[in-house]
Structure formats: structure tokens, C-alpha cells
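Chemist: Taking the hints into account, I'd like the entire structure generated from these sequences.
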Amino acid sequence: EPEVTQTPSHQVTQMGQEVILRCVPISNHLYFYWYRQILGQKVEFLVSFYNNEISEKSEIFDDQFSVERPDGSNFTLKIRSTKLEDSAMYFCASSPTLTSDTQYFGPGTRLTVL
Amino acid sequence: QQQVKQSPQSLIVQKGGIPIINCAYENTAFDYFPWYQQFPGKGPALLIAIRPDVSEKKEGRFTISFNKSAKQFSLHIMDSQPGDSATYFCAASLTNAGKSTFGDGTTLTVKP
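If you read the protein sequences in the order shown, they are chains R and C.
The numbers in the first sequence follow the working numbering, run straight up by one, and end at 114.
The numbers in the second sequence follow the working numbering, run straight up by one, and end at 112.
Derived from the structure by calculation, the hints contain no laboratory data.
Glycine residues also receive a C-beta, built at the ideal position from the N, C-alpha and C atoms.
Where hints are given, some of them may not hold.
[Stated by the list, open to error] Cβ pair distances, simulated, as ranges:
hint : chain 1 : residue 1 : chain 2 : residue 2 : range
1    : R       : Lys78     : C       : Lys42     : 21 to 31 Å
2    : C       : Lys5      : R       : Ile54     : 47 to 57 Å
3    : C       : Pro52     : R       : Leu114    : 38 to 48 Å
4    : C       : Pro52     : R       : Gln17     : 38 to 48 Å
5    : R       : Ser9      : C       : Ser7      : 42 to 52 Å
6    : R       : Val24     : C       : Leu94     : 40 to 50 Å
7    : R       : Gly72     : C       : Pro82     : 34 to 44 Å
8    : C       : Glu26     : R       : Gly40     : 29 to 39 Å
9    : R       : Thr76     : C       : Ala70     : 38 to 48 Å
10   : C       : Phe39     : R       : Pro8      : 27 to 37 Å
11   : R       : Thr76     : C       : Gln14     : 18 to 28 Å
12   : R       : Ser81     : C       : Lys57     : 39 to 49 Å
13   : R       : Ile54     : C       : Ala29     : 19 to 29 Å
14   : C       : Lys57     : R       : Thr97     : 31 to 41 Å
Modeler: Below, the structure is given as C-alpha cells:
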């Protein structure tokens, strides 16, 4: 069964450093998402992406964040200058169409900012 | 208006019990209500979902009850098993809008 994959599984970085989290969505999917889950808290929407542009973003997704689909398979989330409060699990998700309600989540990347 | 409130925060039942997790939403425009199951170290996985045109949906041991007028929906797990021990999230979304709004999550423990 096709699945969303994410790398790395765990990223440790120093405050102020840039990080890039990588996702490979399911191959025939068109809509891509990033969510964040701070330890012990709810899953929060960050951004949705379609046709090489951002469809919607939340208040969390400020100028420090950016997303990119650099090629036909990868979908990346960049945090330009990490803060302690960016420490969280970051989940990538994809869906085949906008009207397909099912979003398929990857296993997540645990980001630890020291 | 985008909030989804979930309760209880944690729940412990014996094997064979029927845990019930409740969610309430505010935005009446929401038209898709999924439940996700999350095991430690894994991403959320869709368990079951319902649309507001039906009051109940059952898939195996999992049932969603939906009360549109009260803006509430709940997950029932019949004959619960230790393998059901996980965190459960309700969510709500708008068709054609993509993003899901999640509840706070419920940590379920099913004791053998």
C-alpha cells in the first residue's frame, strides 16, 4: 500500500539554525499539507499546497516557514531560523484531490531545537 | 469558530468495555468529521469518518454517532482490546478546503 514517507525521523538543531524537513507524498496525490504537533498537544494545521503554490496557511506559518516542491516527488518544509518553540513533531500529509476527504499522514519528523 | 473540543483527555477501560469519546464543534459549515488513531511515534491514521447527512456510521467495532443539531459527534469502540490503546483525535473539515481542524486528543488505555 502506498504511503507518505518523511525524513529524517528525528532532527536535532541549535536555535537560530535552518532546518529542512522532507516528505515524499503518495505518487498520484495532488494536495499536500504540513501539520505540527507539540508534545502532548493537538495536531495543528500549518499549510496546504497545490499546483506549486500555497493554498492556505495558518497563523503559525509565519515568514520563518516556507514550503517547496523542488521536483516531482519531494515536498519540503523549511524553517529559516529555528526557535525553541519550534520543537515538535511535524507531519506531512497528502490527498489525491481536494474533494477527497482522506488525508494520508506520514510518520512524522521529530524536531528538537536546543 | 474553528475550534473542535474533545473529551475526555484520557480514558481507561477494561478489555471488552465500550469507551466513548466525545467531540463538539462550532462551525456549522464543517461537513466532514473524521476520527484518527495515533500510536506512539506514528502519524495519525484515518479510522472512520462521517458526514452530517447521517446520524450514525459503523465500521467493524468502531461507531460514530452524530448529532447535527447539538453540533456533537462521538466515537464508540465496541469490545475494546488492548491493541486499541492509542491516542484518538476527532477532526472537522470543509470539503474543498483541505485542512483539518483537530481536537485535543484522547489517550485510551485498554487494560487486559
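Chemist: Identify every previously stated hint that the structure contradicts and give their numbers, smallest first.
Modeler: Hints 2, 5, 6, 8, 10, 11, 14 are the ones this structure does not satisfy, whereas the remaining hints hold.
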